[in-house]
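Visitor: From just these sequences and the hints, can you work out the full model?
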Amino acid sequence: MLGFIPLTDCAPLVVAKAKGFFAAEGLDVTLSREASWATIRDKVAVGALDAAHMLAPMTLAATLGAGGEPTPMIAPLALNRNGSGVTVSTALAAALRQADPVAMAETPVTARALARVIAARKAAGAPPLTFAVVFPYSIHNYALRYWMSQAGVDPDRDVRIVVTPPPRMVEQLAAGVIDGFCVGAPWNAVARADGIGEVLLRASDFWRDGPDKVFGMTRAWAEDHPDTLQAALRALILAAAWADAPAHRQELVALLARPEHVGADPQAIAWALEGEIVFHAGDAGFPWRSHAAWFLSQMARWGQIAPDLDLMATAAQVYRPDLYRQAAESLGLASPVEDARIEGPKAFFDGQVFDPAAAGAYARSFPIGRLSA
Amino acid sequence: MRVLVIDPDPARAALVAEGLAGDDRPEVRQTARYDAAEVAAFAPDVIVVACDSADRDTLESLREAGETNPRPVVMFADRSEPGLAEQAIRAGVAAYVVDGLAPGRVRPVLEVAMTRFALMQQLRGDLAKAKANLESRKVVDRAKGLLMKERGLDEDAAYRLLRKLAMDKGRPIGAVAADLLAFAGVLKGDAS
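Listed in order, the protein sequences are those of chains A and B.
Each residue of the first sequence is one higher than the one before, counting from 1339 in this note's numbering.
Each residue of the second sequence is one higher than the one before, counting from 107 in this note's numbering.
Treat the hints as calculated values from the structure; they're not laboratory data.
In this text the structure is predicted, and so the values were computed from the model without any measurement.
Glycine included, every Cβ here is placed at the ideal spot set by N, Cα and C.
You may find that some hints are simply not true.
Short derived list, chain A residues pointing at chain B, Cβ under 10 Å [stated by the list, open to error]:
#, residue
1, E1372
2, S1374
3, T1377
4, R1379
5, A1383
6, V1384
7, G1385
8, A1386
9, E1407
10, Y1475
11, T1502
12, P1503
13, R1506
14, K1684
Guide: Right, dumping it as structure tokens:
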């Protein structure tokens, strides 16, 4: 029994089931569509789900007991690269363009215009702008915060960040409850297609081929079911390769659009699949420990975890490239020989370099953050 | 004590709320969706939320915000009683509890919620079964009619034949009847 959230990047699970990759491994899999990340985490923790589509930082937070009881989890496979995006209401987009047309014309766009709008609103006594993310422990939360901070906006003090379920983002943006959001596909495309929002930044603009979702489970389950886990990993790797193939694009979109999967407009689903989300190519499934260490650096930066934690040691506990390699090798696929790498200088939009060996120092290096106050 | 029940299924929320109110003291309110203003105004000590509510992630973030926010920290019920959270999650409910509330006061609330969830599930299951039975009876009647017409059998013989087919194939009689009707349709050219 595997859980998933209705988002485009649940594709490897849906494909593995629908196209028979699980069956070919002798696995009888039921997919369970869940309504929230918290429920995915809890059901996996208590064994009501064997494994699930998870936000990558959730596996780290659960292991550390950030936001709940500590339950050691592992991530032996990344489900996709890229896919999320920062979208603002058309009204805020117009205000940003008026405040700083130069900044708004830059590629990728910076948050300097946002800093100006916020300063003007403060001077006028207007309430802070509200941005929504999908979960406290998510690339969406960290990317939005990083992007804002880089232009001098303190995400804890200058704006309000709330958590809103992905399917409700667009209606809340339309209703003016929120001014912008960072969410996964297909919801940025839905807001855009409905004329409600403007996509400012795609995940690939923020971090080229940056991490997003993983296939996660408890460490205990993985240790008790090593063969089942390897079979599932092989099925998911093959399904991810299937999902990447342009020849399967139409079928993939139709499959995801079905109400029991994502249940959104096929055109909106197709948008992020076009040149954005990668499921398999370029070792997209490989769970780089440097990705985990970066997430941990941001969790430390924003005060979600203890500042003195050994970040690389935690990354090594949770991210399991060894299990990925074993599955890939049995399929005759090559995988990276290193477990971690230096991310950058062409990875992040601001040209910064992340060295996982110095993750703690990196977390403290930002002028805006809860470690530097 | 104030309890807020958040459940996208209003009938189930009503059932839980009714169970809690009958129990004794707590003041109970039910809502289909989390609303920040409503929660602030009602100031619940316990929020019982259905696992199939999308609002759980928002409630999680309130716990996060607790550090910088003067409002009470909401805590998942698990730290208080071992095994309670596990039972609750399996039953389909979760609870967020204001920090400092005596664990003993949370258990009865969650127990009522879990019992009522199970009751609702059973009611729904019975209804679905009754519907399926009715449907399968209709299909069997049509298949019987077909056999009577095509094979010149009487009603009893037609039914016995269907039952034999079902037993031979180890499948429910409704499924065998549905197959028979589908194949008859193909033979008559209904589908290709």
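Visitor: So, for every hint listed, does it hold in this structure?
Guide: To see whether the hints hold, each was checked on the structure:
The beta carbon of A:E1372 comes within 8 Å of a beta carbon in chain B, closer than 10 Å, and the hint placing it at the interface holds. Because the beta carbon of A:S1374 sits about 4 Å from the nearest beta carbon in chain B, less than 10 Å, this interface hint is met. A hinted interface residue such as A:T1377 counts as satisfied when its beta carbon comes closer than 10 Å to some beta carbon of chain B; here the least separation is about 5 Å, so the hint holds. Hint status for A:R1379: holds, given a least beta-carbon distance of 9 Å to chain B, under 10 Å.
Given hint, A:A1383 at the interface with chain B, holds; its Cβ is 8 Å from that chain's nearest Cβ, closer than 10 Å. A cut of 10 Å between beta carbons decides the hint on A:V1384: the least distance to chain B is about 4 Å, and the hint holds. A distance limit of 10 Å between C-beta atoms decides the matter here; for A:G1385 the minimum to chain B is near 8 Å, and the interface restraint holds. For A:A1386, the interface hint holds, since its Cβ comes within 10 Å of a Cβ in chain B; the closest pair sits about 6 Å apart.
Evaluation of the A:E1407 hint against chain B yields a held restraint, the C-beta minimum of about 5 Å falling below 10 Å. A cut of 10 Å between beta carbons decides the hint on A:Y1475: the least distance to chain B is about 9 Å, and the hint holds. For A:T1502, the interface hint holds, since its Cβ comes within 10 Å of a Cβ in chain B; the closest pair sits about 7 Å apart. A distance limit of 10 Å between C-beta atoms decides the matter here; for A:P1503 the minimum to chain B is near 4 Å, and the interface restraint holds.
A cut of 10 Å between beta carbons decides the hint on A:R1506: the least distance to chain B is about 7 Å, and the hint holds. With a cut of 10 Å, the hint placing A:K1684 at the interface with chain B is violated, because the nearest CB-to-CB distance is about 33 Å.
Hint 14 from the list above is the single one not met by this structure.
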